[in-house]
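A.B. asks: As a plain string of letters, each chain reads:
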Amino acid sequence: MIANLALILLCQLIGEAVVRGAKLVVPGPVIGMGLLFVYLIVRDRYLSSEREPKQKVEATAKGLLASLALLFVPAGVGVTQNLDLIADRGIAIFLALTVSVIATLLATVLTFIMISRLMGSGGESTD
Amino acid sequence: MTDSPQPLWVYLSQSPLLWLTVTLLVFVVANLASELAGRNPLMNPVLHSIWIVSSVLYLTGTSYPTYFQGAQFIHFLLGPATVALAAPLYEHRKLVSAALLPMLAALIVGSVTAIVSIILLAELVGLPREVVLALAPKSVTAGVAMGISDAIGANPAVTVVATVMTGVMGAILVSPIMNWLGISDYRARGFAAGLASHGLGAARAFQVNQIAGAFAGMAMGLNAFITSLLVPVMAKLLVG
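So the sequences go chain by chain: C and X. Quick note: the first sequence, position 90, residue 90 per this note's numbering, numbers continuous. When you read off a place in the second sequence, starting at 1, and then add 1000, the result is the number in this note's numbering.
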């Protein structure tokens, strides 16, 4: 558990260092996600399973992801710091965001379905 | 409560323990209500936690910085959780690599739609130029959106508001829209949720289906990358 958490934090740390060093616009944790992915590939291909910790890093990762929704609450509460903007322009912002979110969901899902049907893999359930 | 300041309250209200506990308790209750309602999108646990916690802060006269001293421990985990998205992605790597082409096409179309639609709509409803610019990166995770906002000379605080609103809205709307369209492909559903509404969309996707969650995480990461390249160009083209 501790070793797994340390590994996840290490990936993020390297990610942040790379982003600062190379002045990238990509967030550090996204680079960290890539690093952990590479680690998992290397682990399963080249590292012997005997030396592995009893609990794999996947278990810790899934634990974190199970509470993903909770992690947005503190930032969400921060919205109250901009109440005057919301009072002034809230309805216009709300309308524009809602229509944009619907348009984005539709454009994304329809493109995905269309291309995957064109490729012949079908759009139906995949498991 | 602030009229009769008792020593215990004065102590607790300034300590990280109180606000950390309040955030967790409120979320546990909101999450339980969401489960009891069969994960109905309108019972989104984040949305309801936000207004309940905000009300508690208002009623107790607590400032956001004081609250955040406790809440930062939760907020901090957003970074590690993003790294953790590699695990479901790796687990479903065969599905992900088989869907590479649909994913890339959906990424480009979705990302451009997210940016262009909000710029045009925001101008249509008469929002001032600085707000239009601040809304442009709203579909990517808050930390990145703020960075983009800063880079194009907009106000990052306004961007956070737009990002959280977008995330909550996407999480609420994704299931009804997909069911209405009759889309049963959880890869496509999850990808759209993560692209349109970042981590909040991904959190919703994980509630519904693990494969949807893996694709939502992928969409969130890829969209953060491409949006940071596209927004400055689009802002110049469309806002001038």
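Simulated from the structure, these hints should not be mistaken for lab results. Some hints could be false.
[What the hints assert, rightly or not] Dumping the calculated DSSO-like pairs for lysine-lysine here, alpha-carbon to alpha-carbon at most 27 Å:
(1) C/62 with X/1236
(2) X/1236 with C/56
(3) C/23 with X/1236
[To be verified] Cβ pair distances, simulated, as ranges:
(4) X/1006 with C/66: 20 to 28 Å
(5) X/1239 with C/99: 32 to 40 Å
(6) C/119 with X/1014: 52 to 60 Å
(7) X/1007 with C/38: 52 to 60 Å
[To be verified] Residues from chain C that keep clear of chain X, each with C-beta distances beyond 10 Å, as calculated:
(8) 1
(9) 2
(10) 11
(11) 17
(12) 18
(13) 20
(14) 22
(15) 34
(16) 45
(17) 47
(18) 92
(19) 111
All C-beta atoms in this analysis are idealised placements derived from N, C-alpha and C, irrespective of residue type, glycine included.
A.B. asks: All hints are to be evaluated individually against the structure, with a verdict given for each.
C.D. replies: A quick look at each hint next to the structure:
Proximity of residue 62 of chain C to residue 1236 of chain X is assessed by CA-CA distance (about 41 Å); at most 27 Å being required, the pair is judged violated. Restraint check: the Cα-Cα separation between residue 1236 of chain X and residue 56 of chain C comes to about 47 Å, which exceeds 27 Å; the hinted pair is violated. The straight-line distance between the Cα atoms of residue 23 of chain C and residue 1236 of chain X is roughly 22 Å, inside the 27 Å bound, and the hint therefore holds. For the pair residue 1006 of chain X and residue 66 of chain C, the beta carbons lie near 38 Å from each other, so the given range of 20 to 28 Å is not met.
Range check, residue 1239 of chain X to residue 99 of chain C: Cβ separation about 18 Å, and the 32 to 40 Å hint is violated. Judged by the Cβ atoms, the range 52 to 60 Å given for residue 119 of chain C and residue 1014 of chain X holds: they are separated by roughly 59 Å. The supplied range of 52 to 60 Å is met by residue 1007 of chain X and residue 38 of chain C, whose beta-carbon atoms lie about 54 Å from each other. Non-interface status of residue 1 of chain C relative to chain X is upheld: no Cβ of that chain comes within 10 Å, the nearest being about 13 Å off.
The claim that residue 2 of chain C lies off the interface holds: its Cβ sits roughly 13 Å from the closest Cβ of chain X, which is beyond the 10 Å cut-off. Not every CB of chain X is more than 10 Å from the CB of residue 11 of chain C (nearest about 5 Å), against its label as outside the interface. Distance check for residue 17 of chain C against chain X: the nearest CB is about 13 Å away, which clears 10 Å, and the non-interface claim stands. Its beta-carbon lying about 13 Å from the closest one in chain X, residue 18 of chain C satisfies the requirement of being farther than 10 Å from that chain.
At the 10 Å boundary, the C-beta of residue 20 of chain C stays outside the reach of chain X, the nearest C-beta of that chain being 12 Å off. Listed as a non-interface residue, residue 22 of chain C keeps its Cβ farther than 10 Å from every Cβ of chain X; the least gap is roughly 13 Å. Listed as outside the interface, residue 34 of chain C is inconsistent with that label: its C-beta sits roughly 7 Å from the nearest C-beta of chain X, within the 10 Å cut-off. No beta-carbon of chain X comes within 10 Å of the beta-carbon of residue 45 of chain C; the shortest separation is about 12 Å.
No Cβ of chain X approaches the Cβ of residue 47 of chain C within 10 Å, the least distance being about 14 Å, so the stated non-interface status holds. Once the 10 Å rule is applied to beta carbons, residue 92 of chain C is inconsistent with being away from chain X; the minimum gap is 4 Å. With a cut of 10 Å on Cβ distances, residue 111 of chain C falls inside the contact zone with chain X, its closest approach being about 4 Å.
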